[in-house]
Amino acid sequence: MKFDPENLLHNIELRLRGRTAIFAVSEGVMVVALWLVLKDYSTHPVLSIIGCSLLLLGILGFPLLGLLGKARPDEAPIKSFTNIEQLGVSIVHGIGSHREMVQIMRAIWGGRRIPPPSYTVNGSAGNEKNYTALNSEQANAIVEQIEHEIDKLLGDAITAPAPPTADHQLEQSDSNTQGTLPGAKGKTFTP
Amino acid sequence: MSLTGPLSRLTPPPGYLQPIENLVFKDKTILLDGYRFKNCSFVNCVLLVSSGRFRLEECFLHAGWWANFEGNALNVMKLASILDWSSVGAQYRAEWHPNGGVSIT
Numbered sequence: 001m002k003f004d005p006e007n008l009l010h011n012i013e014l015r016l017r018g019r020t021a022i023f024a025v026s027e028g029v030m031v032v033a034l035w036l037v038l039k040d041y042s043t044h045p046v047l048s049i050i051g052c053s054l055l056l057l058g059i060l061g062f063p064l065l066g067l068l069g070k071a072r073p074d075e076a077p078i079k080s081f082t083n084i085e086q087l088g089v090s091i092v093h094g095i096g097s098h099r100e101m102v103q104i105m106r107a108i109w110g111g112r113r114i115p116p117p118s119y120t121v122n123g124s125a126g127n128e129k130n131y132t133a134l135n136s137e138q139a140n141a142i143v144e145q146i147e148h149e150i151d152k153l154l155g156d157a158i159t160a161p162a163p164p165t166a167d168h169q170l171e172q173s174d175s176n177t178q179g180t181l182p183g184a185k186g187k188t189f190t191p
Numbered sequence: 001m002s003l004t005g006p007l008s009r010l011t012p013p014p015g016y017l018q019p020i021e022n023l024v025f026k027d028k029t030i031l032l033d034g035y036r037f038k039n040c041s042f043v044n045c046v047l048l049v050s051s052g053r054f055r056l057e058e059c060f061l062h063a064g065w066w067a068n069f070e071g072n073a074l075n076v077m078k079l080a081s082i083l084d085w086s087s088v089g090a091q092y093r094a095e096w097h098p099n100g101g102v103s104i105t
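Residue numbers (the numbering used here), protein chains in the order written: chain F, 1 to 191; chain H, 1 to 105.
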């Protein structure tokens, strides 16, 4: 299994919130305190034994409180996503990180990662003489750069000001359909 | 916009198309949706279309290319298949350039 620090940070971002964050910080503080008490054991052994006992009790007892306590569903929000494509409205609920928002925006956007290109073109793409072959590293770098641009643009779209309301958009679309619609003639079918 | 509130409203789906220029794809399967390809070449590629939200600007489709349609694009394709193409105007056709490139904008 490959270690991915980005995924690890993502998980920490999602889980270290509210009560869980306080719990994790408290555990960390107690571990550091235990180390400090043990470090100076020779200078005050009695105090160190009492301190160690209390800290160990705290370190081991704290998780028990969490495990034995009542479940609090409100601390783990249910994630939901509603997209009304015709109105251009998307409503999300329970999303706690910017990264997740970008992933949702990406799903709405509808594009997929492009495959690695085989050549770059300097001039018209209709002439093979203008092609320069790419090795796999170069091709992947181009794809990664495109992915980065997409994520950045979608991330910016999340923080952009709210657009006009759906009602306004509907009014606009109604006014656009007042004229004669261009069309294409269908084939005539004979029964 | 706060992400931690109980209810967050996203902006509508972004209408932009990610530009891709001056690249050649060979023996690949590519979903065109979401991208604007300019001066690109597709050699022996399968082009997938689902939403139909894409652009090709002076791109070259070499022998062996194929297109697969799904979703909304498949319905449009089925409707197009029963049109009388002898009467169909230029706005419904891809634009062919003298150098052999094609544009769908």
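Just so you know, these hints were derived from the structure itself, not from any lab. Hints should not be assumed to be uniformly reliable.
In the DSS-like style, the derived pairs of lysine-lysine whose C-alpha atoms are separated by at most 30 angstroms in a straight line are [stated by the list, open to error]:
(1) F:Lys129 x H:Lys28
(2) H:Lys28 x H:Lys38
(3) H:Lys78 x F:Lys185
(4) H:Lys28 x F:Lys39
(5) F:Lys129 x H:Lys78
(6) H:Lys78 x F:Lys152
(7) F:Lys152 x H:Lys26
For each label pair, taking beta carbons as the anchor points, the in silico distance ranges come out as [claimed, not checked]:
(8) F:Lys185 x H:Asp27: 33 to 43 angstroms
(9) F:Leu68 x H:Leu74: 49 to 59 angstroms
(10) F:Gln145 x H:Val88: 37 to 47 angstroms
(11) H:Asn99 x F:Thr82: 41 to 51 angstroms
(12) H:Tyr16 x F:Leu60: 46 to 56 angstroms
(13) F:Asp156 x H:Tyr92: 50 to 60 angstroms
Covered by chain H, per the in silico footprint, the following chain F stretches (three or more residues, Cβ under 8 angstroms) [what the hints assert, rightly or not]:
(14) 23-31
(15) 118-131
Note that the Cβ used here is the ideal one computed from N, Cα and C, for glycine as well.
Exercise for review: Starting from the range 41 to 51 angstroms, see whether the pair H:Asn99 and F:Thr82 falls in it by beta-carbon distance.
Suggested key: Holds, at about 46 angstroms.
Review point. Is it true that the CA of F:Lys152 sits at most 30 angstroms from the CA of H:Lys26?
Key: holds (28 angstroms)
Point to revise | Hinted pair H:Lys78 and F:Lys152, Cα distance within 30 angstroms | key: violated (36 angstroms)
Check your understanding: Regarding F:Asp156 and H:Tyr92, is the given constraint of 50 to 60 angstroms on their beta-carbon distance met?
Key -> violated (35 angstroms)
Practice item. Sort out whether H:Lys78 lies within 30 angstroms of F:Lys129, counting only the CA atoms. Key: With a Cα-Cα distance of about 38 angstroms, the restraint between F:Lys129 and H:Lys78 is violated, given a limit of 30 angstroms.
**Study point:** Beta-carbon spacing of F:Leu68 to H:Leu74 - inside the hinted bounds 49 to 59 angstroms or not
**Key:** holds (55 angstroms)
Review point. Taking 8 angstroms as the C-beta cutoff, is the stated coverage of the segment 23-31 of chain F by chain H satisfied by three or more residues?
Key: violated (count 0)
Check your understanding: Taken at face value, is the distance from the CA of H:Lys38 to the CA of H:Lys28 at most 30 angstroms?
Key -> holds (17 angstroms)
Review point. How does the Cβ-Cβ distance of F:Lys185 and H:Asp27 compare with 33 to 43 angstroms: does it lie in that range?
Key: Given about 39 angstroms between the Cβ atoms, the range holds.
Check your understanding: So does F:Gln145 sit 37 to 47 angstroms from H:Val88, Cβ to Cβ?
Key -> holds (39 angstroms)
Review point. Within the segment 118-131 of chain F, is the number of residues with a Cβ closer than 8 angstroms to a Cβ of chain H three or more?
Key: holds (count 9)
Point to revise | CB-CB spacing for F:Leu60 and H:Tyr16 relative to the 46 to 56 angstroms hint | key: Roughly 54 angstroms apart at Cβ, these two residues keep to the hinted range, so it holds.
In this structure, the hints that do not hold are numbers 4, 5, 6, 13, 14, in rising order.
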